[in-house]
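For the protein sequence lines, the chains are R and C, in the order given.
Note that the numbering used here gives residue 149 to position 114 of the first sequence, counting from 1, and the numbers run on in steps of one.
Note that the numbering used here gives residue 448 to position 122 of the second sequence, counting from 1, and the numbers run on in steps of one.
The hints are simulated quantities; they were obtained by calculation from the structure and are not laboratory data.
Hints should not be assumed to be uniformly reliable.
[Said to hold, decoys possible] List of simulated lysine-lysine pairs, DSSO-like, C-alpha gap at most 27 Å:
| # | chain 1 | residue 1 | chain 2 | residue 2 |
| --- | --- | --- | --- | --- |
| 1 | R | Lys198 | R | Lys45 |
| 2 | R | Lys166 | R | Lys198 |
| 3 | R | Lys214 | C | Lys452 |
| 4 | R | Lys198 | R | Lys214 |
| 5 | R | Lys198 | R | Lys51 |
| 6 | R | Lys198 | C | Lys378 |
| 7 | R | Lys198 | C | Lys452 |
| 8 | C | Lys373 | C | Lys452 |
| 9 | C | Lys378 | R | Lys166 |
| 10 | R | Lys126 | R | Lys166 |
| 11 | R | Lys166 | R | Lys56 |
| 12 | C | Lys376 | R | Lys126 |
| 13 | R | Lys166 | R | Lys45 |
| 14 | C | Lys397 | R | Lys214 |
| 15 | R | Lys127 | C | Lys376 |
| 16 | C | Lys378 | R | Lys127 |
| 17 | C | Lys378 | R | Lys126 |
| 18 | C | Lys378 | C | Lys368 |
| 19 | R | Lys214 | C | Lys376 |
| 20 | C | Lys373 | R | Lys197 |
| 21 | C | Lys378 | R | Lys214 |
| 22 | R | Lys214 | R | Lys197 |
| 23 | R | Lys166 | R | Lys127 |
| 24 | C | Lys397 | R | Lys198 |
| 25 | R | Lys56 | R | Lys45 |
| 26 | R | Lys51 | R | Lys197 |
| 27 | R | Lys197 | C | Lys368 |
[Stated by the list, open to error] What follows is a set of in silico ranges between Cβ atoms, one per label pair, in the way DEER data are often shown:
| # | chain 1 | residue 1 | chain 2 | residue 2 | range |
| --- | --- | --- | --- | --- | --- |
| 28 | R | Met95 | C | Trp341 | 53 to 63 Å |
| 29 | R | Trp70 | C | Thr357 | 14 to 24 Å |
| 30 | C | Thr357 | R | Glu238 | 24 to 34 Å |
| 31 | R | Ala101 | C | Asp391 | 38 to 48 Å |
| 32 | R | Asn74 | C | Asn339 | 14 to 24 Å |
| 33 | R | Glu201 | C | Lys373 | 37 to 47 Å |
[Claimed, not checked] Per the computed footprint, the stretches of chain R lying under chain C, defined by three or more beta-carbons under 8 Å from a beta-carbon of chain C, are:
| # | stretch |
| --- | --- |
| 34 | 49-63 |
| 35 | 152-166 |
| 36 | 208-220 |
In this text, all values refer to a predicted model and were calculated from it rather than measured experimentally.
Idealized CB from N, CA, C, for every residue including glycine.
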Amino acid sequence: MGNVMEQNEKSVQELKTELSKHGVFTTTFQEIYNWGRKNSVWPLTFGLACCAIEMIATTMARYDLARFGAEVFRASPRQADLIIVSGTVTKKMAPQVVRLYNQMPEPKYVIAMGACAISGGPFHSGYNVLKGIDRYIPVDVHIPGCPPRPEALISAFMTLQKKISEQQLTGEERPRHLKAELPSEFPVPEFGEHGLEPTENAEVWNPLKVLQ
Amino acid sequence: MIFAVNLLMVGPNPWPSIVTLLVAAVAFGLTPLGLAWLWAVKFSPAKPGKEKNAIYECGLESPGDAWIQFKSSYYLYAIIFLIFDVEAVFLLPFAVAFTGLTLGACVAMLVFLLLLVEGLVWACQKGVLQWS
Numbered sequence: 036m037g038n039v040m041e042q043n044e045k046s047v048q049e050l051k052t053e054l055s056k057h058g059v060f061t062t063t064f065q066e067i068y069n070w071g072r073k074n075s076v077w078p079l080t081f082g083l084a085c086c087a088i089e090m091i092a093t094t095m096a097r098y099d100l101a102r103f104g105a106e107v108f109r110a111s112p113r114q115a116d117l118i119i120v121s122g123t124v125t126k127k128m129a130p131q132v133v134r135l136y137n138q139m140p141e142p143k144y145v146i147a148m149g150a151c152a153i154s155g156g157p158f159h160s161g162y163n164v165l166k167g168i169d170r171y172i173p174v175d176v177h178i179p180g181c182p183p184r185p186e187a188l189i190s191a192f193m194t195l196q197k198k199i200s201e202q203q204l205t206g207e208e209r210p211r212h213l214k215a216e217l218p219s220e221f222p223v224p225e226f227g228e229h230g231l232e233p234t235e236n237a238e239v240w241n242p243l244k245v246l247q
Numbered sequence: 327m328i329f330a331v332n333l334l335m336v337g338p339n340p341w342p343s344i345v346t347l348l349v350a351a352v353a354f355g356l357t358p359l360g361l362a363w364l365w366a367v368k369f370s371p372a373k374p375g376k377e378k379n380a381i382y383e384c385g386l387e388s389p390g391d392a393w394i395q396f397k398s399s400y401y402l403y404a405i406i407f408l409i410f411d412v413e414a415v416f417l418l419p420f421a422v423a424f425t426g427l428t429l430g431a432c433v434a435m436l437v438f439l440l441l442l443v444e445g446l447v448w449a450c451q452k453g454v455l456q457w458s
């Protein structure tokens, strides 16, 4: 089944290159749609710790995230499609991060920036630090580093753009936000007696599929 | 004006072109909206939810309702603000141009001042200016 689809895709690509040699430009709705989306990602104005300083530097003139269409940092989750978790997520802050993510409209993306957002980083053994934001929300791109340089954030952003441009509009492979039956909200953890409850959300990452 | 009237009388009827332009302008605005709506219906399912539709408070849960009534007694602050802040804005040009003013302008300004001083007397009577 997978082979047939790959063959199909290959012949379509061959046809497109053949046509482009004769000066005929062809495209699909999906390509135009994704091209528009990937070049206009609006991040949420949301900084948590020292990584946020690097994120701010990325948007400024020297590194200029505007080249990728992402300079419009929105102050409200209603208008944002990307949340950059930039820094240490304490257990006290985690419910707010998840709630902000829940309040963003679909399609929405997450970049976990820096060692803390990925795993707790240097505070991994701390009693009050979350061991990675991907316990509660689905992270699209992880950036290692403490803190990552602006170039690393730009690289992560380009990775996200690549991911967006490859998303399917139809079929079983289409992303979560296009499937009506899948939820757009994730459970907000509550601050209990011994840390966050639940300690993690098993539904965030669907089990990986084995390709044959 | 005469030119326009002449054009109307001599030239062809302008209304068809005006109506055509109007329809085109409205369609130009409505078509993208309609296409976006169709796209959303076809591809992008709406996913409202309790958290998503909640009041936005920087990620915190909103305590209580946002539609609350403010106490009407705050009008005293408004009066004091008018007297000491807004009035000063008008007093400065008044003082600068004072020697060149006509009697009428001076009287008008004095009436304005009187109105605000009345407010000051009112605030004084209410005991707002007393430090406790």
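Comparing the hints with the structure gives:
A distance of roughly 19 Å separates the Cα atoms of R/Lys198 and R/Lys45; the hinted pair therefore holds under the 27 Å criterion. Restraint check: the Cα-Cα separation between R/Lys166 and R/Lys198 comes to about 25 Å, which is no more than 27 Å; the hinted pair holds. Under the criterion of a C-alpha separation no larger than 27 Å, the hint pairing R/Lys214 with C/Lys452 is inconsistent with the structure, at around 64 Å. For a cut-off of 27 Å, the pair hint linking R/Lys198 to R/Lys214 stands: about 17 Å separates their Cα positions.
Our distance criterion of 27 Å between C-alpha atoms is met by R/Lys198 and R/Lys51, whose separation comes to about 22 Å. Distance check on the hinted pair: R/Lys198 and C/Lys378 sit about 25 Å apart at the alpha-carbon level, within 27 Å; holds. This hinted pair does not check out: R/Lys198 and C/Lys452 have alpha carbons roughly 66 Å apart, beyond 27 Å. A distance of roughly 54 Å separates the Cα atoms of C/Lys373 and C/Lys452; the hinted pair therefore is violated under the 27 Å criterion.
With a C-alpha separation of about 25 Å, the suggested pair C/Lys378 and R/Lys166 falls inside the 27 Å cut-off, and the hint holds. For the hint pairing R/Lys126 with R/Lys166, the CA-to-CA distance comes to about 9 Å; that is within 27 Å, so the pair holds. Of the supplied pair hints, the one linking R/Lys166 and R/Lys56 is violated, its CA atoms being roughly 52 Å apart against a limit of 27 Å. Distance restraint check for C/Lys376 and R/Lys126: the Cα-Cα separation of roughly 22 Å lies within the 27 Å cut-off, and the hinted pair is therefore satisfied.
Restraint check for R/Lys166 and R/Lys45: not satisfied, since their Cα atoms lie roughly 42 Å apart, outside the 27 Å limit. Restraint check: the Cα-Cα separation between C/Lys397 and R/Lys214 comes to about 48 Å, which exceeds 27 Å; the hinted pair is violated. Our distance criterion of 27 Å between C-alpha atoms is met by R/Lys127 and C/Lys376, whose separation comes to about 21 Å. Using a Cα cut-off of 27 Å, the hinted pair C/Lys378 and R/Lys127 holds, with the two alpha carbons roughly 20 Å apart.
Between C/Lys378 and R/Lys126 the CA atoms are separated by roughly 21 Å; this keeps the pair inside 27 Å, and the hint holds. The suggested pairing of C/Lys378 with C/Lys368 holds, with an alpha-carbon distance near 22 Å, which does not exceed 27 Å. Between R/Lys214 and C/Lys376 the alpha-carbon distance is near 19 Å, which keeps this suggested pair within the 27 Å criterion. Between C/Lys373 and R/Lys197 the CA atoms are separated by roughly 25 Å; this keeps the pair inside 27 Å, and the hint holds.
Between C/Lys378 and R/Lys214 the CA atoms are separated by roughly 17 Å; this keeps the pair inside 27 Å, and the hint holds. With a C-alpha separation of about 21 Å, the suggested pair R/Lys214 and R/Lys197 falls inside the 27 Å cut-off, and the hint holds. Pair hint R/Lys166 plus R/Lys127 holds up; C-alpha atoms about 13 Å apart against a cutoff of 27 Å. A threshold of 27 Å between alpha carbons decides the hint, and for C/Lys397 with R/Lys198 the separation of about 53 Å lies outside it, so the pair is violated.
Straight-line distance between C-alpha atoms of R/Lys56 and R/Lys45 comes to about 17 Å, which keeps the hinted pair within the 27 Å bound. Restraint check for R/Lys51 and R/Lys197: satisfied, since their Cα atoms lie roughly 20 Å apart, inside the 27 Å limit. Between R/Lys197 and C/Lys368 the CA atoms are separated by roughly 24 Å; this keeps the pair inside 27 Å, and the hint holds. At roughly 55 Å, the beta-carbon separation of R/Met95 and C/Trp341 lies within the given 53 to 63 Å, and the hint holds.
Taking 14 to 24 Å as the suggested C-beta distance range, the pair R/Trp70 and C/Thr357 conforms, at roughly 21 Å. In this structure, C/Thr357 and R/Glu238 break the distance hint of 24 to 34 Å, their C-beta atoms being roughly 40 Å apart. In this structure, R/Ala101 and C/Asp391 meet the distance hint of 38 to 48 Å, their C-beta atoms being roughly 40 Å apart. Range check, R/Asn74 to C/Asn339: Cβ separation about 47 Å, and the 14 to 24 Å hint is violated.
With their beta carbons about 22 Å apart, R/Glu201 and C/Lys373 fall outside the hinted range of 37 to 47 Å. Against chain C, the stretch 49-63 of chain R contributes 0 residues with a C-beta closer than 8 Å to a partner C-beta. That does not satisfy the three-residue criterion, and the hint is violated. Interface restraint, the stretch 152-166 of chain R with chain C: violated (0 residues with C-beta to C-beta distance below 8 Å; minimum three). Check on the stretch 208-220 of chain R: 7 of its residues sit with their Cβ under 8 Å from a Cβ of chain C, so the three-residue criterion for coverage holds.
Figure legend: structure checked against the earlier numbered hints; hints not met, in rising order: 3, 7, 8, 11, 13, 14, 24, 30, 32, 33, 34 and 35.
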